[in-house]
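K.L.:
Chain by chain, the residues:
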Amino acid sequence: MVIQALIDQGVEHIFGYPGGAVLPIYDELFQQEKVEHILVRHEQGAGHAAEGYARSTGKPGVALVTSGPAATNMVTPLTDALMDSIPLVCITGQVPTSLIGSDAFQECDTVGITRPCTKYNWLVRDVNDLARILHEAFVVATTGRPGPVVVDIPKDVQFATGTYHPPKKRTNGDIASSYMGYRPQLKGDPAAIREAVDLIAGAKKPVFYTGGGVVNSGRAASQLLRDLVELTGYPITSTLMGLGAYPASGKNWLGMLGMHGTFEANNAMHDCDVMICVGARFDDRITGRLDAFAPNSKKIHIDIDPSSINKNVHVDIPIVGDIGHVLEDMVRLWRSESKQVDKKALASWWKEIEGWRARHCLDYRANNDVIMPQYAIQRLYQATKGKDTYISTEVGQHQMWAAQFYGFEEPNRWMTSGGLGTMGYGLPAAVGIQVAHRDSLVIDIAGDASVLMTIQEFSTAVQHDLPIKIFILNNKYMGMVRQWQQLLHGNRLSHSYVESQPDFVKLAEAYGGVGLRAKTPAELDDKIDEMIATRQPVIFDCQVVNVENCFPMIPSGEAHNNMLLGESVSDEEVANAIGEEGKMLV
Amino acid sequence: MNAQPAGSAYFFASSSEEPVTHTLSVIVDNEPGVLARVVGLFSGRGYNIESLTVTETEHQKHLSRITIVTTGKPMILDQIKNQLGRMVPVHRVTDLTDTGRPLERELALVKVVGRGDNRVEALRLAEIYEAKVIDATTEHFVFQVTGTSYKVGEFLDIMQHLGMVEVARTGVAAMQRGQEVL
Ligand SMILES: Cc1ncc(C[n+]2csc(CCOP(=O)(O)OP(=O)(O)O)c2C)c(N)n1
Ligand SMILES: [Mg+2]
Chain A
8 MVIQALIDQG
18 VEHIFGYPGG
28 AVLPIYDELF
38 QQEKVEHILV
48 RHEQGAGHAA
58 EGYARSTGKP
68 GVALVTSGPA
78 ATNMVTPLTD
88 ALMDSIPLVC
98 ITGQVPTSLI
108 GSDAFQECDT
118 VGITRPCTKY
128 NWLVRDVNDL
138 ARILHEAFVV
148 ATTGRPGPVV
158 VDIPKDVQFA
168 TGTYHPPKKR
178 TNGDIASSYM
188 GYRPQLKGDP
198 AAIREAVDLI
208 AGAKKPVFYT
218 GGGVVNSGRA
228 ASQLLRDLVE
238 LTGYPITSTL
248 MGLGAYPASG
258 KNWLGMLGMH
268 GTFEANNAMH
278 DCDVMICVGA
288 RFDDRITGRL
298 DAFAPNSKKI
308 HIDIDPSSIN
318 KNVHVDIPIV
328 GDIGHVLEDM
338 VRLWRSESKQ
348 VDKKALASWW
358 KEIEGWRARH
368 CLDYRANNDV
378 IMPQYAIQRL
388 YQATKGKDTY
398 ISTEVGQHQM
408 WAAQFYGFEE
418 PNRWMTSGGL
428 GTMGYGLPAA
438 VGIQVAHRDS
448 LVIDIAGDAS
458 VLMTIQEFST
468 AVQHDLPIKI
478 FILNNKYMGM
488 VRQWQQLLHG
498 NRLSHSYVES
508 QPDFVKLAEA
518 YGGVGLRAKT
528 PAELDDKIDE
538 MIATRQPVIF
548 DCQVVNVENC
558 FPMIPSGEAH
568 NNMLLGESVS
578 DEEVANAIGE
588 EGKMLV
Chain B
547 MNAQPAGSAY
557 FFASSSEEPV
567 THTLSVIVDN
577 EPGVLARVVG
587 LFSGRGYNIE
597 SLTVTETEHQ
607 KHLSRITIVT
617 TGKPMILDQI
627 KNQLGRMVPV
637 HRVTDLTDTG
647 RPLERELALV
657 KVVGRGDNRV
667 EALRLAEIYE
677 AKVIDATTEH
687 FVFQVTGTSY
697 KVGEFLDIMQ
707 HLGMVEVART
717 GVAAMQRGQE
727 VL
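Protein sequence lines, in the order shown, are assigned to chains A and B.
Position one of the first sequence corresponds to residue 8 (our numbering), numbered consecutively onward.
Position one of the second sequence corresponds to residue 547 (our numbering), numbered consecutively onward.
With the rest of the complex left out, here is chain A (with noise of 0.2 Å):
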């Protein structure tokens, strides 16, 4: 029945690995050829699988698992999917209903312990119910604001037999949750929409801020954005999460913000006068100190979740509903009514930017002997721009370096792990994206410390002849801890040197993969070329300058306009650049 329901579900791959409380499933599973199964090698592997496959496809995501140990293993995966936003379906086995509550093998709580980590949970007590939930499951996880949901099956419901129901027909609008209290909101208020499209039409200094929400509402609302910014004419930036959305090499784009964000992005975002924010939601790494946060702005905040709106910084406009047709709604109206922009006042606004963008925030020292990171991923976006390729990557500098040098042309392209930055995200996430897209180039760009959390995904790639590419800026340290060492603590580098390092070549060819190494920038383009050329799974060992920090950088408790840039900042300045108050951030 679970099987029969995922098939109708339109499921065609699950990640999962088996155990003595989904033995029932399993068998089903064995017998059948229309879902195909990929069997990981750890069940944070099949989460974060499951995660990048998602967030590739815009279809859900789902795992296999089964009880105890199994499910714990789910839990990082399923928090980060929570955070980012995606949509994924779990599948839990646990113990037979007679033996709950018993502390019998492999027994825990799951729904306990993943309630706080999904959108929402069931454990299933009689198989009568059993199709209702699973479908249900689909339908929560992937209406409103995308998100993880577990169902937990007891084995005995698993061999019990019962009356399957297909899914109810969503009509038009309808999203057939049997839940009445669950419609989310997909059509913004029209008035509210028009008072915002009033205010962006009157803006002197206007910033588009979009994030993730963009991606998850589909293509459609990343090109009626396009649409929207190409007729106003309006700057864009966007969070992590939200690149691709809008592309790199459009003229209007400004770079990403935040944190590691470019200087006339968040410059933009401190003067700008009028805000757009759309699908985004004003995270720490986003706002910088609070109370200087585009302090002379009017914003306008479109989410589907109203708890996202004033949450952390008051908005003047709130749009409810879904992206894609609250634009289409925006788009429509400013054509309807021939709206006009200030074009004296954005000339001027312009210009400012252009005079933040002459710093050039992003350049660092060039160096012939040794690949600095930044140049490795430039090197690699100039070998992979033209082909069909996805990035994931894991969680530090390389991300960052990621974010800020790999241009992002469409979505849908970029996996990272933003809400939770989750080290050991992007290996998996690369097997679930190469899963859904089988002769695309999938990369993964990987840090030397992140990627041994699940390395034994590697194993996976192989096994299912996944030929992804692991492309590790290996700079021996945890770099972005280090960073935050001298930020913050004196340069006192505790425990954040990688001692005794794998052989990453030789990781490679024991798992059955190819490895390669780049130790100097001449060598670097030939063997890039080379990893694209090679069929199997690449783990390739970039070795980069040890101590690079990341640039330009917001310290933690700082405003927008009070930037760290690289080329110029002395050592000292980065040991004095966080006040006491900002110490005790994260």
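It cannot be assumed that every hint is accurate.
Unchecked claim - Computed footprint of chain B on chain A, listed as stretches where at least three residues anywhere in the stretch have a Cβ under 8 Å from a Cβ of chain B: (1) 187-201; (2) 314-328.
What the hints assert, rightly or not - Simulated pairs of lysine-lysine, DSSO-like, Cα-Cα distance not exceeding 27 Å: (3) A:534 to A:392; (4) A:211 to A:358; (5) A:346 to A:258; (6) A:175 to B:607; (7) A:176 to B:607; (8) B:657 to B:697; (9) B:627 to A:194; (10) B:627 to B:607; (11) A:513 to A:483.
Since the hints were derived computationally from the structure, they do not count as laboratory data.
Note that the Cβ used here is the ideal one computed from N, Cα and C, for glycine as well.
Since the structure of chain A is already known, use the hints to place chain B with the ligands on it.
P.N.:
Leaving out everything else, chain B with the ligands in the frame of chain A:
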């Protein structure tokens, strides 16, 4: 806080606003774990619960009503309502304090042990508070007192001095005035 920059809608607004107490009525599907979910939201996000009651109120429709008394700055209260509202099994969140002065009642059982003057005094005061004696021996009374939390609190303060040894309170049940229904 000090001078607010022109045009800024939010300047650590929360630190200048006083916390207020509101009573919320939340209609939910009576599913297993709903209460844990609501309580988990409050503890996980550091919100206050002053009182929380829950029971099934409409059996056929499988609906329960949760009454929560909570204290927080206005921005936090809005957050609480939005966070509750987006939960899958939640049908409706109504801020009874926003819609008017709600009717709020609580019931407490109060055990008072003693002899002599204290006992007489306890009984006399119980009458003033319209508390009923629902169990008694020559050595003790159990009073049942109902009213606003404030009144119940007052009664307990007094009984404290007259041999109160045990208390059980129900928490607040609340409803808005007038003929409208939630
Ligand atoms: C699971 C987990 N543990 C710890 C951290 C804290 N952390 C953030 S970045 C980082 C260092 C990452 O090092 P590496 O992968 O080598 O990347 P680099 O910064 O050197 O590019 C650490 C330990 C985290 N984000 N996730
Ligand atoms: Mg590193």
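K.L.:
Checking one constraint from the list: CA of residue 176 of chain A to CA of residue 607 of chain B, max 27 Å. Satisfied?
P.N.:
holds, 23 Å
K.L.:
Closer than 8 Å, Cβ to Cβ, for at least three residues: run that test on the stretch 314-328 of chain A against chain B and report holds or violated.
P.N.:
Held - the stretch 314-328 of chain A has 8 residues with a Cβ nearer than 8 Å to chain B, which meets the minimum of three.
K.L.:
Tell me whether the statement that chain B covers the stretch 187-201 of chain A is true, taking a Cβ distance below 8 Å and needing three residues at minimum.
P.N.:
holds (count 3)
K.L.:
For the pair supplied as a hint, residue 657 of chain B and residue 697 of chain B, is the alpha-carbon distance within the 27 Å limit?
P.N.:
OK: residue 657 of chain B and residue 697 of chain B at ~17 Å, within 27 Å.
K.L.:
Would you mind confirming whether the straight-line C-alpha gap from residue 534 of chain A to residue 392 of chain A stays at or under 27 Å?
P.N.:
holds, 16 Å
K.L.:
Is it true that the CA of residue 175 of chain A sits at most 27 Å from the CA of residue 607 of chain B?
P.N.:
holds, 21 Å
K.L.:
Would you check the hint for residue 513 of chain A and residue 483 of chain A, treating anything up to 27 Å between C-alpha atoms as holding?
P.N.:
Since the Cα atoms of residue 513 of chain A and residue 483 of chain A sit roughly 17 Å apart, the hinted pair holds (cutoff 27 Å).
K.L.:
Taking 27 Å as the top limit, are the C-alpha atoms of residue 627 of chain B and residue 607 of chain B close enough?
P.N.:
Since the Cα atoms of residue 627 of chain B and residue 607 of chain B sit roughly 23 Å apart, the hinted pair holds (cutoff 27 Å).
K.L.:
Starting from residue 627 of chain B, check that the Cα of residue 194 of chain A is at most 27 Å away, please.
P.N.:
Within the cut-off at roughly 21 Å; holds.
K.L.:
Starting from residue 211 of chain A, check that the Cα of residue 358 of chain A is at most 27 Å away, please.
P.N.:
holds, 12 Å
K.L.:
Compare the distance between the alpha carbons of residue 346 of chain A and residue 258 of chain A with 27 Å, and conclude whether the hinted pair is satisfied.
P.N.:
holds, 21 Å
Violation of the numbered hints given earlier is absent; every hint is satisfied by the structure.
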